[in-house]
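Undergrad: Sequence:
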Amino acid sequence: METTGRSGGYRIALVLLLSLNFGILFFDRNALNFLMPYVRPDLGLNDTQVGMLSSGLSLTWAIAGFSVGRFSDWLGSRKPIIIIATLAFCVCSVVSGLAQSFLMLMGARILMGAAEGGVMPVSHSLIAAQVPENERGLAMGVAQNLGSNVLGSSVAPLVLVPVAIAFGWRHAFFIAAVPGLISAALLWFFLQEPAATAHHADAAPRTTLREAFADRNVQLCALISILLVSYLVCTWAFMPLYLTATRHVSADATKWLMATLGISAGIGSFAVTALSDRIGRRPAIIGFSFLGAILPLGALYLTGNAWLLAGIFFIGWGLNGVFPLFMATIPSESVDPRLTASLTGVVMGIGEVIGGVLSPALAGNLSDHFGRDAVMWLMLGLCITAGLVGLGLRETAPRVLARHTARRTVPV
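Heads up: the sequence shown is residues 1 to 412, going by the numbering used here.
Keep in mind that the hints were calculated from the coordinates and are not lab data. Here the structure is a predicted model, which is why all the values come from computation and not from measurement. Fair warning: there could be bad hints in the mix.
[What the hints assert, rightly or not] Label pairs and their calculated CB-CB ranges: (1) G168 x L308: 31 to 37 Å; (2) Q100 x P398: 30 to 36 Å; (3) E211 x G392: 33 to 39 Å; (4) Y301 x N365: 22 to 28 Å; (5) Q192 x R216: 47 to 53 Å; (6) L391 x L103: 39 to 45 Å; (7) N46 x H171: 23 to 29 Å; (8) G304 x L43: 44 to 50 Å; (9) W377 x I165: 28 to 34 Å; (10) N365 x L158: 40 to 46 Å.
[As the list claims (entries may be wrong)] Using 20 Å as the maximum straight-line C-alpha spacing, the simulated SDA-like pairs for lysine to any residue come out as follows: (11) K79 x Y10; (12) K79 x V94; (13) K79 x I182; (14) K79 x P162.
For glycine and all other residues, C-beta sits at the position ideal for the given N, C-alpha and C.
All chains should be modelled from the sequences, with the hints used to inform the complete structure.
TA: Given below as structure tokens:
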């Protein structure tokens with residue numbers, strides 16, 4: 001695949017713009033999680049319904065991720081898809097603020113998932129087409145994790161919770177829609193399509209999607225996606241409620257603890273992926289998955305010291321940095337990179353359908369029957385299992401493979 005033809009300055013701007021757009025998308029997606037302590041009593045929701053709201057969004061997110069990614073690979077055009085999706089999730093945020101019942105809110109979340117799901121597969125395909133392979137892990141990490149966590153996890157609770165307290169949770173949803181309009185305008189004026197030859201160098205891909213999914217790495221990445229997407233959505237859906245309602249942490253402290261997750265993942269967006277370019281994708285996924293175990297353990301057993309708990313949240317949430325690796329980087333390095341959008345859509349979609357749809361509903365049911373501690377134990381098992389699955393991965397990082405090749409060819 002062609003990755004040249006654009007200046008280094010444009011490639012940096014491309015990655016940052018895609019990161020900003022995905023961050024605004026996650027600002028909208030996460031808004032309900034941070035506002036749930038205010039939405040739940042107003043609409044009379046139980047914990048099972050809280051989980052179902054997250055599941056509904058994840059289901060349509062997954063369907064859109066696969067279908068839009070596949071369509072964009074066939075069409076060879078990315079810009080209009082991203083712009084239309086950006087405008088659509090702005091509308092869904094407004095509709096969320098207008099919801100008067102569980103069913104209306106569920107409908108808004110389902111539509112939001114359909115609007116947002118295709119954005120990241122298409123974004124990764126733009127990067128794969130225009131960023132050199134030795135920088136691809138870092139570029140994909142920044143695009144997927146920097147904006148989404150700085151805006152979606154750190155800025156969102158700091159902005160939305162005070163608005164909800166002062167003016168009500170509905171106004172917070174309305175405010176969440178505004179940045180998307182700005183992002184759509186920036187994409188319209190500055191985003192450039194890759195050269196046609198980057199996508200159509202041959203009449204057809206050398207590898208079919210079915211052949212690609214037969215690769216062991218792609219299969220293991222899909223399994224890791226199920227486990228860690230489950231971990232992620234359970235944290236978003238239940239951690240604010242767990243801290244405030246079960247551990248009796250103040251709303252102000254909870255706001256900052258949740259913002260800590262965004263800061264951690266924002267740093268991890270370039271630190272973890274850049275590290276993986278050097279030490280390898282496999283050890284990065286294994287190590288950071290195991291590290292994620294300290295977050296639910298900290299929430300279970302350490303709530304008296306907010307600063308220490310914030311440190312544990314910061315370190316444990318570093319596993320967020322491996323998401324671009326198993327969703328896009330490893331699959332694209334394991335098989336034909338021209339299938340990046342399709343493979344990202346498949347791996348992300350499987351994770352969202354099985355992990356994102358089933359795990360919040362399961363977690364909500366466990367919470368209603370056994371208490372919210374059960375959700376923390378579920379999260380603990382998910383990240384440890386992901387680390388064990390990572391042991392089976394085949395290394396794909398170009399620098400690491402080059403070092404291995406050089407060692408084998410050095411004369412004794």
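Undergrad: Check each numbered hint from earlier against the structure, then list the numbers of those it violates in ascending order.
TA: Checked against the structure, the hints that fail are numbers 2, 3, 5, 8, 10, 12, 14, while the rest are satisfied.
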